[in-house]
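**Q** Read off the chains here:
Number of protein chains: 2
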Amino acid sequence: MKIIVDAMGGDYAPEQIVLGALDALDADENLTVTLVGRQKDIEACLKDAGDRMSRIDILDANDVITNDDNPTMSIKLKKDSSLVKALDALMSDEEAGGIVSAGSTGAVLAGAFMKVGRIKGVSRPALAPVLPTEKGSGVVLCDCGANVECKPVNLAHFAIMASAYCTAMLGIDEPRVGLLNNGVEEHKGTPLAREAFELLKNTSGINFVGNCEARDMLSGEFEVIVADGWSGNIALKSLEGAANTVLSVIKDGVYSGGLRAKLGALFMKPVFAKVKKKMDYNAHGGACFLGINKVVIKSHGASKRKSVCASILQAKDLAERKVCEDIKRKITRYAEENKAEEV
Amino acid sequence: MKIIVDAMGGDYAPEQIVLGALDALDADENLTVTLVGRQKDIEACLKDAGDRMSRIDILDANDVITNDDNPTMSIKLKKDSSLVKALDALMSDEEAGGIVSAGSTGAVLAGAFMKVGRIKGVSRPALAPVLPTEKGSGVVLCDCGANVECKPVNLAHFAIMASAYCTAMLGIDEPRVGLLNNGVEEHKGTPLAREAFELLKNTSGINFVGNCEARDMLSGEFEVIVADGWSGNIALKSLEGAANTVLSVIKDGVYSGGLRAKLGALFMKPVFAKVKKKMDYNAHGGACFLGINKVVIKSHGASKRKSVCASILQAKDLAERKVCEDIKRKITRYAEENKAEEV
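Listed in order, the protein sequences are those of chains H and U. All letters in the first sequence, in the order written, are residues 690 to 1032 by my numbering. All letters in the second sequence, in the order written, are residues 690 to 1032 by my numbering.
Hints should not be assumed to be uniformly reliable.
No copy is singled out in the list; a pair is fine if it fits within one copy or between any two copies.
[As the list claims (entries may be wrong)] Okay, derived cross-link-like pairs now, BS3-like style, lysine-lysine, Cα gap no bigger than 25 Å in a straight line:
| id | residue 1 | residue 2 |
| --- | --- | --- |
| 1 | K1028 | K966 |
| 2 | K877 | K966 |
| 3 | K824 | K951 |
| 4 | K765 | K840 |
| 5 | K951 | K963 |
| 6 | K877 | K765 |
| 7 | K993 | K967 |
| 8 | K804 | K765 |
| 9 | K890 | K729 |
| 10 | K963 | K729 |
| 11 | K765 | K890 |
| 12 | K958 | K993 |
| 13 | K691 | K958 |
| 14 | K840 | K1011 |
In case anyone wonders, no lab produced these hints; they're calculated from the structure.
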C-alpha cells in the first residue's frame, strides 16, 4: 500500500515530514511512500534512509501552497505545488491508498474536494479529528471546521460517516453518537440542533444516544460527536486552549513555587508525561476528511516526525480497511431509505 | 446597601446559601441582606448568626422553582416561590441594589426579564461570567447562553455592556474586546460573525481589537469576548470540561503512579491549590445578567458558601458602582449615534 505525502506542508516541512515518513516505513514493511516536494530539499533529508530508499518515490514539485494563499485559487493556479501534485498522484497512481498533508487546512480541504471528489450523496465532506477522553478511548468529532454553515441532513451524514470512521479507526462497533448541544434535553438548542436531533433519532444504522453538552465531550460517554463546523471548531479550540492553559498555569506554579514545588514536579514527571500523552490528540494521527473518495489525512500544522508518522500509518490503515467504501455504501443506503420514505 | 438572596435556589440550598450570606455580612459591615425562602428552613441555618441578625431580613416563601420547571411558566404561576418573591422584593424595596440566585438559570433569566425589565434599547440581555486567564486577570464572556440566536446588533450591545461591566467589576479601563470566531482574519466565520465584525469595528466607545479564536480566550489578550449565546455556551462548557478532564487525568495518574507520584503530588499540593484557585471561575462570584434594570447575579447551581458570599459582595459592589446606570447611558448614546447616522 502506497501513501502520498505532501513533504512541503506544515511548520516543520520538509525535514520533520520526511523523518516521519522514514519512521512510518520502519514501523510497517508493507508501506511505500511517495514524497512530493522540492526534490533537492527532500533528498537532503534522506541521507540516512538506507534500505528504506527502495520504498520511497520522490515526485518533484517546486511550488508550495501556504496559509496565506487563497485555498481554492491556489489549488487552481499553483499546479506545480506539492499539494496539487500530491493530489494528482493520488488520483493517477492506482497503488496509492491515501494522502497526508500538514499544510494549509483550507487548501487541503479545497484540493481534496476538487481533485479527489466527494462520495456520491455527500454534499458536505467534513473534517474529523479523534480527541482523547478521560477513559483513554477516544472520540471522533465531526465536523470540526470544514463547513461553517450546515443543514440538518449534513449532520446526519456526519453521524453516518464518523461512525464508520470510528469503527475503522478505533475498532469500536456501534459507537455512541452524541449531538453537540447546549443542554441534554431534546428541545434544546438552535433550530439546526433541534431539527438535527429529530433526524438523528430516525437515522437507522447509527447508535444515536442524544445531546452532548460541550463539557461532556471528553467524558468517554460518546465515541462520536456531531456538530456543524462552526460549533465543532469552537469546541475543539476551546478544549485545546483550556488544556494548554491548565498545564501552563501548573508550570508557572512550579517555577514560582520554590524547592518544594520543583521537587514535587520532578517526582511527578512520569505522571505529567502520561497526561501529556493521554491528552495529545495528534497521537492518533491527523484529522480525516470524511466524505471524500479516498483517504485524506490533515495532519496538524505543527506536526513533527512522530505525528507525521502516526498520520501516514493511519492513512494506510484506513485505506486497507476500506473506510471510504464503507462510507459510500452507508450513505447510499441512507439515501435510498430516505427516498423510499418520501414515496 | 441591601442585597436580596434567593435562599432556596441551587444544589446546596438553603444551608450553603445562608452560610454564604453570613460570610458576606462578616466581610462587609455596610451590607444588609434579605433571605427569601421557607422561613423555618432559613432560621435553622441562622443559629450562629449572632449580631449579624440585625442586618438580616427573612421573607417567607413556601414554593421553589426547580430546574425541571418551565422557566417562563414558573415565573408566572409560582407566585409564592423564593425566586419570584425575591424579584418582587428587589423591585419594591428601594434599598435593594441587586439580587443573587443559584437557582435554575432559565428561571432567573426569565424572571429578571419579566419582573425587573430590560434596559431601554437592549432587546437581548445577556449572561456574562468572568473567566480566569493565564495572566490571572480575568475575561468577561458575553453572552454565555441567554440568547441562542442573535443578530449583529445584539453583539454590539454585548460589547458595550460587557465593557462597562468589565470596568466596574475588574477595574479595567477600555477593556480589549474580541469577537469569538473560527479564525483571526476579518472575513472569517458565519454571516453573523462577519456582520458583527463590521459593526464592532465601527462602534464607538469600545476597544474592539478583532477576532478571538476559542483557543485564545484564556490567553489574557482580551478582557471582553463577545459571542452569540449558543457559541459562547459551547466555548464556556468546553473550557470547563477540558480543565476538569486534565485535572482528573492528573489525579488518575497520581493514584496509579505509585509512591513516587504520590510523594510528588504531596509536594505539589500548594501548586495545585493555586491552580485550582486561579482556574476557579466562581471565585469572582457569579455571572451577571447584563441589560437588566438592576443587578442580577446568577451564581453557579453547585455554589457553596464561598461562591455565594463572593456573588453577594459582587452584587453589592456592582450596584454601588452603578453599572446598570452606566450601561443605560452607553446604550442610549449608541442608539442616538446610530440613529444620527441613518438620518
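**Q** Check each numbered hint against the structure and report the violated ones by number, ascending.
**A** 1, 2, 4, 9, 10, 11, 13 and 14
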